[in-house]
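Undergrad: Residue numbers (the working numbering), protein chains in the order written: chain S, 21 to 188; chain G, 21 to 188; chain U, 21 to 188; chain V, 21 to 188.
Worth double-checking, as some hints may not be accurate.
For identical chains, the list gives no copy identity; a pair is met inside one copy or between any two copies.
To be verified - Using 20 Å as the maximum straight-line C-alpha spacing, the simulated EDC-like pairs for lysine to aspartate or glutamate come out as follows: (1) 102 with 176; (2) 87 with 148; (3) 87 with 65; (4) 102 with 161; (5) 87 with 176; (6) 102 with 144; (7) 102 with 50; (8) 23 with 44; (9) 23 with 65; (10) 102 with 65; (11) 87 with 104; (12) 23 with 165; (13) 23 with 66; (14) 87 with 66; (15) 23 with 53; (16) 102 with 165; (17) 87 with 165.
Rather than coming from a laboratory, the hints here were simulated on the basis of the structure. Computed from a predicted structure; not experimentally measured.
Number of protein chains: 4
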Amino acid sequence: MGKVLVLFDSETGNTRRMAGYVAEGARSIEGTEVRLLSVDDASREDVLWCDGIAVGSPTNMGVLSWKMKRFWDREMWDLWSKIDGRIGCAFASSGGWGGGAEITCQSILTVLINFGYLVFGAPDYVADRFTLHYGAVAAGEPRHEREIAACRKLGERLAYWVALYSKK
Amino acid sequence: MGKVLVLFDSETGNTRRMAGYVAEGARSIEGTEVRLLSVDDASREDVLWCDGIAVGSPTNMGVLSWKMKRFWDREMWDLWSKIDGRIGCAFASSGGWGGGAEITCQSILTVLINFGYLVFGAPDYVADRFTLHYGAVAAGEPRHEREIAACRKLGERLAYWVALYSKK
Amino acid sequence: MGKVLVLFDSETGNTRRMAGYVAEGARSIEGTEVRLLSVDDASREDVLWCDGIAVGSPTNMGVLSWKMKRFWDREMWDLWSKIDGRIGCAFASSGGWGGGAEITCQSILTVLINFGYLVFGAPDYVADRFTLHYGAVAAGEPRHEREIAACRKLGERLAYWVALYSKK
Amino acid sequence: MGKVLVLFDSETGNTRRMAGYVAEGARSIEGTEVRLLSVDDASREDVLWCDGIAVGSPTNMGVLSWKMKRFWDREMWDLWSKIDGRIGCAFASSGGWGGGAEITCQSILTVLINFGYLVFGAPDYVADRFTLHYGAVAAGEPRHEREIAACRKLGERLAYWVALYSKK
Numbered sequence: 021m022g023k024v025l026v027l028f029d030s031e032t033g034n035t036r037r038m039a040g041y042v043a044e045g046a047r048s049i050e051g052t053e054v055r056l057l058s059v060d061d062a063s064r065e066d067v068l069w070c071d072g073i074a075v076g077s078p079t080n081m082g083v084l085s086w087k088m089k090r091f092w093d094r095e096m097w098d099l100w101s102k103i104d105g106r107i108g109c110a111f112a113s114s115g116g117w118g119g120g121a122e123i124t125c126q127s128i129l130t131v132l133i134n135f136g137y138l139v140f141g142a143p144d145y146v147a148d149r150f151t152l153h154y155g156a157v158a159a160g161e162p163r164h165e166r167e168i169a170a171c172r173k174l175g176e177r178l179a180y181w182v183a184l185y186s187k188k
Numbered sequence: 021m022g023k024v025l026v027l028f029d030s031e032t033g034n035t036r037r038m039a040g041y042v043a044e045g046a047r048s049i050e051g052t053e054v055r056l057l058s059v060d061d062a063s064r065e066d067v068l069w070c071d072g073i074a075v076g077s078p079t080n081m082g083v084l085s086w087k088m089k090r091f092w093d094r095e096m097w098d099l100w101s102k103i104d105g106r107i108g109c110a111f112a113s114s115g116g117w118g119g120g121a122e123i124t125c126q127s128i129l130t131v132l133i134n135f136g137y138l139v140f141g142a143p144d145y146v147a148d149r150f151t152l153h154y155g156a157v158a159a160g161e162p163r164h165e166r167e168i169a170a171c172r173k174l175g176e177r178l179a180y181w182v183a184l185y186s187k188k
Numbered sequence: 021m022g023k024v025l026v027l028f029d030s031e032t033g034n035t036r037r038m039a040g041y042v043a044e045g046a047r048s049i050e051g052t053e054v055r056l057l058s059v060d061d062a063s064r065e066d067v068l069w070c071d072g073i074a075v076g077s078p079t080n081m082g083v084l085s086w087k088m089k090r091f092w093d094r095e096m097w098d099l100w101s102k103i104d105g106r107i108g109c110a111f112a113s114s115g116g117w118g119g120g121a122e123i124t125c126q127s128i129l130t131v132l133i134n135f136g137y138l139v140f141g142a143p144d145y146v147a148d149r150f151t152l153h154y155g156a157v158a159a160g161e162p163r164h165e166r167e168i169a170a171c172r173k174l175g176e177r178l179a180y181w182v183a184l185y186s187k188k
Numbered sequence: 021m022g023k024v025l026v027l028f029d030s031e032t033g034n035t036r037r038m039a040g041y042v043a044e045g046a047r048s049i050e051g052t053e054v055r056l057l058s059v060d061d062a063s064r065e066d067v068l069w070c071d072g073i074a075v076g077s078p079t080n081m082g083v084l085s086w087k088m089k090r091f092w093d094r095e096m097w098d099l100w101s102k103i104d105g106r107i108g109c110a111f112a113s114s115g116g117w118g119g120g121a122e123i124t125c126q127s128i129l130t131v132l133i134n135f136g137y138l139v140f141g142a143p144d145y146v147a148d149r150f151t152l153h154y155g156a157v158a159a160g161e162p163r164h165e166r167e168i169a170a171c172r173k174l175g176e177r178l179a180y181w182v183a184l185y186s187k188k
């Protein structure tokens, strides 16, 4: 069984909805167990539990939200470097295209790389002119099919890499 | 007279079109002289000439194109640090949303910061869910009004900062 | 009078010491008024007050600290885009070379660009093999002359650009 | 047999020397076959051949060198997305601390993520105040033990992840 955690912070509910689609995508790979948790409810045990993690945040000033950052700075502090070699990826909602969602994904990947994760994006186009090279992104509420498809694809890729690589 | 250079690399013509709109925006600020040049035709003298520069590139693997990089690595090499304190910004076309245009803009800003430029993005929303926080971005051919507006806004802001700050 | 704010977060005291040197550098430009404030004591009024800002953070997982992020996410929220056109720069302490201080500076610049700041680094070498291209960096306690010189240079450049550009 | 490619661009010889140490580190994991190639001599077949890749570049303006970029933009173009799921990492020499080596590593990781690689850094400290969180870095010629150790550790981690994960 591959274990996947979808961990998100959300203020308006947009990142929460993205997280739900990411979790759906992860469940589409057979034999994957998925936990979907807000950063308000997650603990270090959830992160320790999983083989792969997708971390989502609103685009707050181009960098992951302070609450998500606090989780990694404080809650995860003493697990630093003890969870290396696992697999991670990112997603971010934003106020608009060009508003920093990609750069926010990059800041999430930076945190995960720091902890020793192997991180990835997906080359796949999920619709005309829509992809998730550095993580899944959305502008406003993720209600267009292409944004939903990007989130699902991210979760699916995560669960796939976990299934392939995490036979420890 | 504020002097603005719009410097671009373009393979498909998309970044070239963006560059034209950026130049239009710059000209909208009275008293601004604008040069619009492909990286194939520009020289270090053009960069020396200008008070403000907008640098545009296609999104090639999330980093400015090798030809634009070569221009700064080789042609500009001996001007390194001699043009500090000027003003710079970025724009990038891409194959799709989530494809790396923001991150490509960031790589352009990195090069400009390295040379000592003061770089900026624009908080302004130019349409519903469309902005240019780290530079102007487009997916495919920039034919939607919002993408054109983002390019114009970038040029306008550049010329505005140049007019305000470059009374040396 | 140019007004400069040196705003920092510090846990171990290392970033606090860097901040002191940055402030010293800023004061070396005649006619510069400097405020040196921990993020625990600063308010939005301090940020509104200044023409130029240097923001410093420990390198926590390669991204500015959650407390510094919270300041910009919450305290500064309703000033977003209202302080554009000002000048900003970054500094970061870290546990070691290769540990992410440069990338943390970049994350700070990302936040500042988002708010509409014109941001800069410095091409200057302050010692053999030591510079501050994306902001001043230190590994551990900043007690070597080169690290102190980098902080001073950053403050000096900030006050210099403010003096040159902020004659509004 | 895990297959590792160490691919580098070098002008002064510094990155070349780093590459040699990275290759040494990779060979320290039993059963690893290593190719060490300059970007002038490498072809897409070498990249296709390997399970894991370490890409090194001088720090040219904070972004990988134009020659290394050209390799991925042109030579690798039609392999885009066909080599996803492999493992990658970065290293960079620079003119000095604070000069952009970390940010250059990040630009290399961006290119690799774009191609679908799973990328990593290493939490490990290899000496007092010296680590390789986003890839191995050096200032000037890599002749200090700590810089050499960082390069070796990077290669070793790469070969280790390849051995663990690439039993396809």
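Undergrad: If a hint holds in the structure, say so; if it doesn't, say that too.
TA: Right, here's what the structure says about each hint:
| no. | hint | in the structure |
| --- | --- | --- |
| 1 | 102 with 176 | between (25 Å within a copy, 18 Å between copies) |
| 2 | 87 with 148 | neither (34 Å within a copy, 27 Å between copies) |
| 3 | 87 with 65 | within (18 Å within a copy, 24 Å between copies) |
| 4 | 102 with 161 | neither (36 Å within a copy, 26 Å between copies) |
| 5 | 87 with 176 | neither (26 Å within a copy, 34 Å between copies) |
| 6 | 102 with 144 | between (31 Å within a copy, 10 Å between copies) |
| 7 | 102 with 50 | neither (28 Å within a copy, 24 Å between copies) |
| 8 | 23 with 44 | within (14 Å within a copy, 35 Å between copies) |
| 9 | 23 with 65 | within (13 Å within a copy, 35 Å between copies) |
| 10 | 102 with 65 | within (13 Å within a copy, 36 Å between copies) |
| 11 | 87 with 104 | neither (22 Å within a copy, 25 Å between copies) |
| 12 | 23 with 165 | neither (27 Å within a copy, 40 Å between copies) |
| 13 | 23 with 66 | within (10 Å within a copy, 34 Å between copies) |
| 14 | 87 with 66 | within (17 Å within a copy, 24 Å between copies) |
| 15 | 23 with 53 | within (5 Å within a copy, 32 Å between copies) |
| 16 | 102 with 165 | neither (38 Å within a copy, 25 Å between copies) |
| 17 | 87 with 165 | neither (29 Å within a copy, 36 Å between copies) |
This entry does not satisfy hints 2, 4, 5, 7, 11, 12, 16 and 17, going by the numbered hints stated previously.
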